[in-house]
Amino acid sequence: MSRSGTFPTIVKPHDRTPPSDVLAPFSWDDEMRALDGLSSGGLNIAHEAVDRHATENFGAKVALRFISQDETAHDVTYANLAADTNRFANVLRALGITQGERVFTLTGRIPELYITALGTLKVGGVYCPLFSSFGPEPLHTRLSLGNARVLVTTPTLYQRKVAALRDRLPSLEHVLITGDASPPSGTQSLDVLVHAASPDGDCAPTGPDAPALLHFTSGTTGAPKGAVHVHGAVLAQEASARLALDLRPDDVYWCTADPGWVTGTAYGLIAPLVLGVSCIVDGEEFDAERWYRILEEQKVNVWYTAPTAVRMLMKAGAELAHRHDLSALRFLASVGEPLNPEAVLWGRDTLGHPFHDNWWQTETGAIMIANTAVMDIKPGAMGKPLPGITAGIVRRMADGSMEEITIPNTVGELALRKGWPSMFRSYLGDEVRYQKSFAGDWYLSGDLAKRDEDGYYWFVGRADDMIKSAGHFIGPFEVESALMEHPAVSEVGVIGKPDPVAMEVVKAFISLAPGYTASEDLRREILGFARQRLGAAVAPREIAFNADLPKTRSGKIMRRLLKARELGLPEGDTSTLLGEPQVLGTSDQR
Amino acid sequence: MTDDEIKQATLDVLSKVAPEVNVDAISPDINFRDQFDFDSMDFLNFAIGLGKHLDFEIPEVDYPKLSNLNGCVVYLAAMLRTNEHL
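Residue numbers (our numbering), protein chains in the order written: chain C, 1 to 590; chain R, 1001 to 1086.
Do not rely on the hints blindly, as some may be mistaken.
[Claimed, not checked] In silico contact screen, one side only, chain C against chain R (beta carbon under 8 Å); selected entries:
no.	residue
1	Gly283
2	Tyr292
3	Lys315
4	Ala318
5	Pro498
6	Pro500
7	Glu504
8	Leu512
9	Leu527
10	Gly528
Keep in mind that the hints were calculated from the coordinates and are not lab data.
Heads up, the beta-carbon is just placed ideally off N, CA and C, and yes, glycines get one too.
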C-alpha cells in the first residue's frame, strides 16, 4: 500500500526560473522540428545521437567516458563515435545485413556495445541488447525469438554461455567477438573486421515508423515478449530526458543502468547523446565507495540510478558519502521500482538533493510519469504525467471495456492514452498479446496505482504475478520452466518475496518427485542447476520444499496464495497483495 | 582460525549462494565476478553470509575487500585477530 501523506512534500525553491523549454507549451510537432532529421527527410536515431554532433565545433566533445576497473578513463568523442559507428555499419553492410534485420549484443558496458547499437541503427537494422547476467536458457529464448542474425559478444561470455547454443540457433549467422585474441571457431574477430572498414558512411533513410530497437520483457505466462520500438521513439526519449532528468547539453551525466535493459539503452545511450551530453559509463558492478569516487572525480551533474542501488548506499552509511565532494551534483533521479520515501529524503539530507522518482516500462519506451525538477516532490509518489502524455486510472467493466476512474485515491490499473511516439509497436511475432495490452484508446500497464487530488500517481502493486527484483521484471513462468527440467522437481510455484534491498527476490516453492527427499544437498543442487540455466539475475535466490502447493480446481498453482503464506497473511485475503478486489479481473491479461 | 579454515569457511558460504561454482577451480587473486556469474545481490548475500558464519558484522565499506578469495582470507584473518575471536 502506498504511504501517501505520511511524508511531507518537498517544496522546491521557487526562485529558480525554469528553462524556457520547460515553460513553453508542449507539442510533439515542435519536438520533431527540434530534431535535425536526415537530409533525405527521414529520421534515424543514430543521426540524432551521433552524426549531427560530429561537426567541426562539437566533434571533439566527449560523448562517452568509460571508467575501467582501475578507474582510468577512456574517452570517446562525438567525432570518434561517428567514425567508429560508421565502421561497424560498414561491417554489417559487408555481412549483408539489411534494414529490419536484428543485431544483438551480449557484453558488459564496454565501447563495443555502444558502437554496435548505434552502428546497427545506421544501417536501419534493429538493435537488441541482452543482459550479460542471463544464463544460456534466457539467452537462447531471446536470440531465437528475435531471429538474431548477428551477435556481438566477448570471448568469455561466448565460451561460457553461447557456444553450446549455436546448433540450436540456425538463424544466427555471424558471431563477432571483441578483443584481439584469435576468435573461437564459428566466430569472427570484431576488431579485425572493424579496422578494415571505412569510417565514412550515411545513415539508412529510415522513417519515424521504422523499427529500431527490440527489448525483451518477461510475461507471467508463456515466452518473453519482444517489444519493438521505432526510430520515432527518439522524440519522447529526448524530451523526457530534458523534462524528467533535467538534462542539459553541458552536463556530465551518469546513468548506472545496464544497457541490457531498456533504461540503459534509452537513458544510458540514446537520449543523453541526442542532447549532446557527456556520459559516464562504469563497467564495474555496484561498489558504494567507488560510486562516490566517480561522482566526485567526474563531477557528475545529473545522476540517474535505481532504488536497489540507493538502498545499498543508504546501508553503507552517510559518513561514507560525506567523505566525498559531491557539490557538482544538481539533479538525482531514480527508476526501476517505486522509491521508498525514506530514500527520497536520504538523498536530500545526505547527497544534498532529493531523488526524483519516475515511472515507465519497456513497452512505453520512455519516461511517462515523473517528479520533475520544477515540481514539488511527494516522497513515495511516481510523480505526474510528462507533457504530451495522458495517463489515467482505469477499471475493466463487465462488457470488457475500460472505464476511467476519476475519484481521487481510488485504486485501479494505470493506463496511458495510445499514440505517444515511443509507444511499442508490436510484440515480435505475437500480435494477439500485443492487442491484449490495449483496451479502446488505453494502453494497460499491468500496474495498479492511484492518483491523488493533486494529480500525483502512487504505485500500489502489480495486477499480475510479475516479480520486480533489483529494478528488473522477472517472469515466474520462465523460472518455473527451467526448474521443471530438474528430475527432482515435480511441481513448482515461483513468487517475488519482499526484500528490503531489491524490493523482491525470486523464491521457488518446489514439491519433489517420488523418490526424492528434501535436503540441503538437494536444495543446493537445484539452485545450482537453475543458476546455470537462467543466470544469477533470473534464478531463484531461495528455494523451499513444499509437499502441498496450493492449486486451483483446474490444477494451476496459485502463486498468490504461496505469496500470502510467505507473508503470513490470511489466505482468504489475497487482496492486500493486489490492491482493491474490483480490479482483480485485469490480472490475467498478460 | 587458521588461514586454511578461513578459506574453507569462505568457500562454504560461497557455495551456499552459488552452488554451481566449482570451488576447486577458483583463482584466488581474480575477482569472483570475473570468474563466474555472481551479481550484486549474490555478493551482498555472500558478505552477509560470511559475517553470520563467523559471527561478526562486516561493515559495508569493507565489502570490496571480499571480492576475491585471497582478499577474503586476508581481511577475515585480520578482523578475527582484532576481534579476538581466535
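Evaluated hints:
1. With a cut of 8 Å, the hint placing Gly283 of chain C at the interface with chain R is violated, because the nearest CB-to-CB distance is about 11 Å.
2. Annotation: Tyr292 of chain C was flagged as interfacial toward chain R, and the flag is violated, the nearest CB pair being 10 Å apart, outside 8 Å.
3. A distance limit of 8 Å between C-beta atoms decides the matter here; for Lys315 of chain C the minimum to chain R is near 5 Å, and the interface restraint holds.
4. Hint status for Ala318 of chain C relative to chain R: violated, with the closest Cβ pair at about 12 Å, above 8 Å.
5. Against a cut-off of 8 Å between C-beta atoms, the interface hint on Pro498 of chain C is violated, since the closest Cβ of chain R lies about 14 Å away.
6. For Pro500 of chain C, the shortest C-beta to C-beta distance to chain R is roughly 11 Å, which exceeds 8 Å, and the interface hint is violated.
7. Restraint check, Glu504 of chain C versus chain R: the minimum CB separation of about 11 Å is more than 8 Å; hint violated.
8. Interface hint at Leu512 of chain C: violated, since its Cβ lies 17 Å from the closest Cβ of chain R, which is beyond the 8 Å cut-off.
9. A cut of 8 Å between beta carbons decides the hint on Leu527 of chain C: the least distance to chain R is about 5 Å, and the hint holds.
10. Because the closest C-beta pair between Gly528 of chain C and chain R is about 3 Å apart, less than 8 Å, the hint holds.
Comparing the model with each earlier hint shows violations of hints 1, 2, 4, 5, 6, 7 and 8; every other hint is respected.
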